[in-house]
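Dock chain B against the given chain A, drawing on the hints supplied.
Protein chains: 2
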Amino acid sequence: MPIQTPVMRLLGIEQPILLAPMGMVSGGALAAAVSHAGGLGILGGGYGDGAWLTRECDAAGNAPIGIGFITWSLAKQPQLLDQALERAPRCIFLSFGDLRPFAPKVAAAGIPLIAQVQSVAQAREAVDHGASIIVAQGSEAGGHGAGRSTLPLVPAVVDALGDVPVVAAGGIADGRGLAAALMLGAQAVLCGSLFYASTEALAHPNAKKTLTAASGDHTLRSSVFDIARGYDWPQPWNMRTLDNDFSRRWADDTDGLKASITSESARFAAARDAGDFTTAVVIAGEAADLIREIRPAAQIVADMVAEAEALLAKPPYYQR
Amino acid sequence: MPIQTPVMRLLGIEQPILLAPMGMVSGGALAAAVSHAGGLGILGGGYGDGAWLTRECDAAGNAPIGIGFITWSLAKQPQLLDQALERAPRCIFLSFGDLRPFAPKVAAAGIPLIAQVQSVAQAREAVDHGASIIVAQGSEAGGHGAGRSTLPLVPAVVDALGDVPVVAAGGIADGRGLAAALMLGAQAVLCGSLFYASTEALAHPNAKKTLTAASGDHTLRSSVFDIARGYDWPQPWNMRTLDNDFSRRWADDTDGLKASITSESARFAAARDAGDFTTAVVIAGEAADLIREIRPAAQIVADMVAEAEALLAKPPYYQR
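Sequence order for the protein chains is A and B.
Once you know that position 9 of the first sequence is -7 in this note's numbering, the rest is easy, because the numbers rise by one and skip nothing.
Once you know that position 103 of the second sequence is 87 in this note's numbering, the rest is easy, because the numbers rise by one and skip nothing.
In case anyone wonders, no lab produced these hints; they're calculated from the structure.
We put the beta carbon where it would ideally sit given N, CA and C, even for glycine.
Derived, one-sided and incomplete: chain A residues facing chain B with beta-carbon distance under 10 Å:
id: 1; residue: Pro0
id: 2; residue: Gly131
id: 3; residue: Ser133
id: 4; residue: Thr134
id: 5; residue: Asp143
id: 6; residue: Gly154
id: 7; residue: Gly155
id: 8; residue: Arg160
id: 9; residue: Gly161
id: 10; residue: Ala165
id: 11; residue: Gln171
id: 12; residue: Asp201
id: 13; residue: Gly269
id: 14; residue: Asp273
id: 15; residue: Pro299
id: 16; residue: Tyr302
No more than 30 Å apart at the CA atoms, straight line, and that leaves these computed lysine-lysine pairs for DSSO-like:
id: 17; chain 1: B; residue 1: Lys242; chain 2: A; residue 2: Lys242
id: 18; chain 1: A; residue 1: Lys298; chain 2: B; residue 2: Lys298
id: 19; chain 1: B; residue 1: Lys89; chain 2: B; residue 2: Lys60
id: 20; chain 1: B; residue 1: Lys60; chain 2: B; residue 2: Lys242
id: 21; chain 1: A; residue 1: Lys60; chain 2: A; residue 2: Lys242
id: 22; chain 1: A; residue 1: Lys242; chain 2: A; residue 2: Lys192
Chain A extracted, bound-state conformation:
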């Protein structure tokens, strides 16, 4: 494999590509497919649901995968970490909250604790609190995140952390993004939206189709869909999604949405069940322009690596 980084050795993977643990979307089949393709599949444990976790760990079979949680939500049901560790995952991946209650158990299990952060200050704190790998996530990412952008955030985090490996996340969906991330000092990339549009993702077929037709010009970072879904996210995080009729109606009037929440959340849920994504949410980021078809995860990994390797072998516009 032409690309070899320390974090790949640490995680035991052959390709520098991690599946973002998209809550309830990165299930066992997708995680297993990414790992079998040489990357690292990470289950999207999300807000935490023991039955879902059992089912999707079973679905992954004996593929070497990681398990991810939303940190502030895991704090409400910490037994899920024990349930996850019983499965001997390749890593635990925590985003959005205080690592300290969980880091000792992960360390005792002898596996890496990956922390996803959105600023240089959070990166330093995560390492102080026990993370061994940092995912520096830019605001262009789909799903929850915060304000900084990937291109300047990644080298700043690399410079701040010394030897701690940094993985780039946010806006990366092809080999150009992977090659760029390596230039910035990242040792791997973490991709969400790209795999949301995979055959194996547990997203509605209409949602995947909507994503492949979308432009990154039409996304927004807001709390509007969290309100509709009844999730009370702490500051500073909110969620990037494609825009649609629902976000256009409410994004600038979240007080109005809250005042109409009973009927609006019912309308939202009905649209989701019906696969109507003019109202229901497609959780994807600014890389949407680069995601044009639904492919099997193994193909996605192979295509990204091949494109990046070609760029690194012969950098564009560069003559030795």
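For chain B alone, coordinates are given in the frame of chain A:
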């Protein structure tokens, strides 16, 4: 020169680095220094001031430079374009507004019209309206801009435009950023904040010093400083700056700022004159972490190119 791109030939430059036309900060000395170093210096004509333009064109001497304007403001005093064209600039650079009133004159002058845009849709429109080079500017950029991020925006614009050259802007302040931009398909980079901290920039010494000590974690995109300065910017653009006491006081209460504008704008102006940047504004972006010293522009260009060439010659973590 190991890096050779079509846009460099088009602009007649030896290094793939353009100076952002920072209004009233990118003056003649700085523009000339960047051009003499092999890049392209572009004067920051900003809102438009005929006397300033004359003085700074004179200061640039016979260096081959471009001239930039804020498009919506140029529309109020279009004679400034004639004044600029009389100086036989290397290019005209327009940002933030409708190109159509100006494109024919620039075309008649036989020089490239560079348009800075913030979305794929704006990029397509700018080419339709006569731009021959597109600067795709991410939200992480200092100064005025909009919502999309550089890393996913650049390849999306490249894919949308075919043969029209694309320059990357926003968050780029070292050779890692330049190398990454080339991987994304850009043919050059445009840097603002990096040159704000140059010896030659027409920024207050205290502002430069504040920037070199700052982190990109502490910037914001807002209208607060435009309100304080009395500029009425149209949607969708606002301005990224370092945060400070003034922005922390007013960013979430622009109605309150407007209600106190007489005293607050006086306080702001006094702080600016006194070089007090706890109140006055440092217009810089998220690349702040990467900008650690004040250097001559020629050194900045040479350092960035040397670092990028080393990365391209031997990509990190890559074995042929």
